Amino acid sequence: MKSAVITFPGSNCDRDMDVALKKFGFNNKMVWHQDVELPKSDLVVLPGGFSYGDYLRCGSMASKSKIMQSVINFANSGGMVMGICNGFQILVETGLVPGVLLRNKYLEFICRNVFVKINNKNNGYFKNIINDVLELHIAHNEGNYFCTNDQLKEIEDNAQVAINYCDPEGKIEETFNPNGSIKNIAGIFNKEKNVLGMMPHPERMIDPYLSGEDGSYFFKNLINNLK
Amino acid sequence: MKISVIITLKKDVLDPQGKVIHQALDGMGFNDVNEVRQGKYFEIDTKETDPQKAKNKVEEMCKKLLANLVIENYKIIDAQ
Chain A
171 MKSAVITFPG SNCDRDMDVA LKKFGFNNKM VWHQDVELPK SDLVVLPGGF
221 SYGDYLRCGS MASKSKIMQS VINFANSGGM VMGICNGFQI LVETGLVPGV
271 LLRNKYLEFI CRNVFVKINN KNNGYFKNII NDVLELHIAH NEGNYFCTND
321 QLKEIEDNAQ VAINYCDPEG KIEETFNPNG SIKNIAGIFN KEKNVLGMMP
371 HPERMIDPYL SGEDGSYFFK NLINNLK
Chain B
108 MKISVIITLK KDVLDPQGKV IHQALDGMGF NDVNEVRQGK YFEIDTKETD
158 PQKAKNKVEE MCKKLLANLV IENYKIIDAQ
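Quick note, the sequences are listed as chains A and B, same order.
Number 364 in our numbering belongs to position 194 of the first sequence; there are no gaps in the numbering.
Number 131 in our numbering belongs to position 24 of the second sequence; there are no gaps in the numbering.
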C-alpha cells in the first residue's frame, strides 16, 4: 500500500507519521508542499505541526499551498485523506470537512493522553477495528471543534462524527472534554467518509516502551482495510 | 490605494481571549466594561485605483482567505 505525507514549512509530526506508516507496512513517500503532483497513493496524510507558524488562522496558509489542489482533487475523486492535528486544521480550512477549530476553551496548550470513542466504524478508517475506545495523545492549542447548528445537524444526520473524547470506558461526557469541542468531537469525516480529520495523534502511540499501542491497532487495521 | 479590513468573531462564537482581556481590564480598575471581543485588522495596499473595483477585490480576498466565514465576519472600513 502506498502512502504520501505532505510536509509544510512548520510541520513537525511528518517524520513520526513516516515512521508509523512504514512500521505497519506502508510504502511511504514524503511530499513537499511546493510540489504540484501527488505520487500515486492509496492514502495521503496531512501531518501535525505548526504550518506557516499558525499565521492568520491555524492551517489557513497551508490550505492554499500548491500541493493542496492535488490533495483536494484526490479527495474529491474518493481518495483517502487523513489530517492529524494541524492536518485537521488544514482540512477544515480547505472545506473538505465541515466546521472550524477554535482556540481551546481555557486557553491552555494541552499536551496529554486522552481516550476517544469510535463513533462510526462504517468506513475505511475504522472498519473491522476491534477496539471501541482508543487511548491517544493530543498536543494542541486550537482543537476546540466548532460548527453552526445547521452544520451540526447535517454532520450528525450523515454520521460524520468519527471519534469523541470520552473516559476509559467510552462514556462521553463534558468532564472528559479537554478543549471545549461541541459534543466532545475529536474527529470528523466528510460526507463520503474518505476524508478524516482528527486532533489526536495515532502516530505517537505505536510503541509500548515509549507510549502505548492504541495507535498500532489503528494503523494495522487501516492498512488491512486498504488491501 | 489603501483598503482596511476588520475581521471580528461572530456573535455566538466563544472568544476566550476577549474574556481574559476583559478580566484583566476589570482587575486594573476598568469596571464598567460589559464585554470585550478581540478581532483582526488588515491594511491592504493595492495597485487598483478604482475604489469600487478595489473594494470588490478585497471582498473576494476576505471570502477566500482573510476570514473564515463559519466563525468570522468581515467589514471593509475605508478606501483611500
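Since the hints were derived computationally from the structure, they do not count as laboratory data.
Computed from a predicted model, the values in this text were never measured in an experiment.
There's no promise every hint is true.
A partial selection of chain A residues facing chain B, derived with a Cβ cut-off under 10 angstroms [to be verified]:
#1 203
#2 231
#3 350
Residues from chain A that keep clear of chain B, each with C-beta distances beyond 10 angstroms, as calculated [stated by the list, open to error]:
#4 226
#5 273
#6 275
#7 277
#8 362
By construction, the Cβ of each residue, glycine as well, lies at the ideal position given by its N, Cα and C atoms.
Going down the list of hints, with the structure as the test:
For residue 203 of chain A, the shortest C-beta to C-beta distance to chain B is roughly 16 angstroms, which exceeds 10 angstroms, and the interface hint is violated. Checking residue 231 of chain A against chain B by beta carbon gives a least distance of about 9 angstroms; that is within 10 angstroms, so the hint holds. Given the 10 angstroms rule on beta carbons, the hint for residue 350 of chain A holds: about 7 angstroms separates it from the nearest Cβ of chain B. Once the 10 angstroms rule is applied to beta carbons, residue 226 of chain A is inconsistent with being away from chain B; the minimum gap is 7 angstroms.
A beta-carbon of chain B is positioned within 10 angstroms of the beta-carbon of residue 273 of chain A; the least distance is around 6 angstroms. A beta-carbon of chain B is positioned within 10 angstroms of the beta-carbon of residue 275 of chain A; the least distance is around 6 angstroms. With a least CB separation of 5 angstroms from chain B, residue 277 of chain A falls inside the 10 angstroms interface cut-off, contrary to its annotation. The claim that residue 362 of chain A is not at the interface with chain B holds, since no C-beta of that chain comes within 10 angstroms of its own (minimum 20 angstroms).
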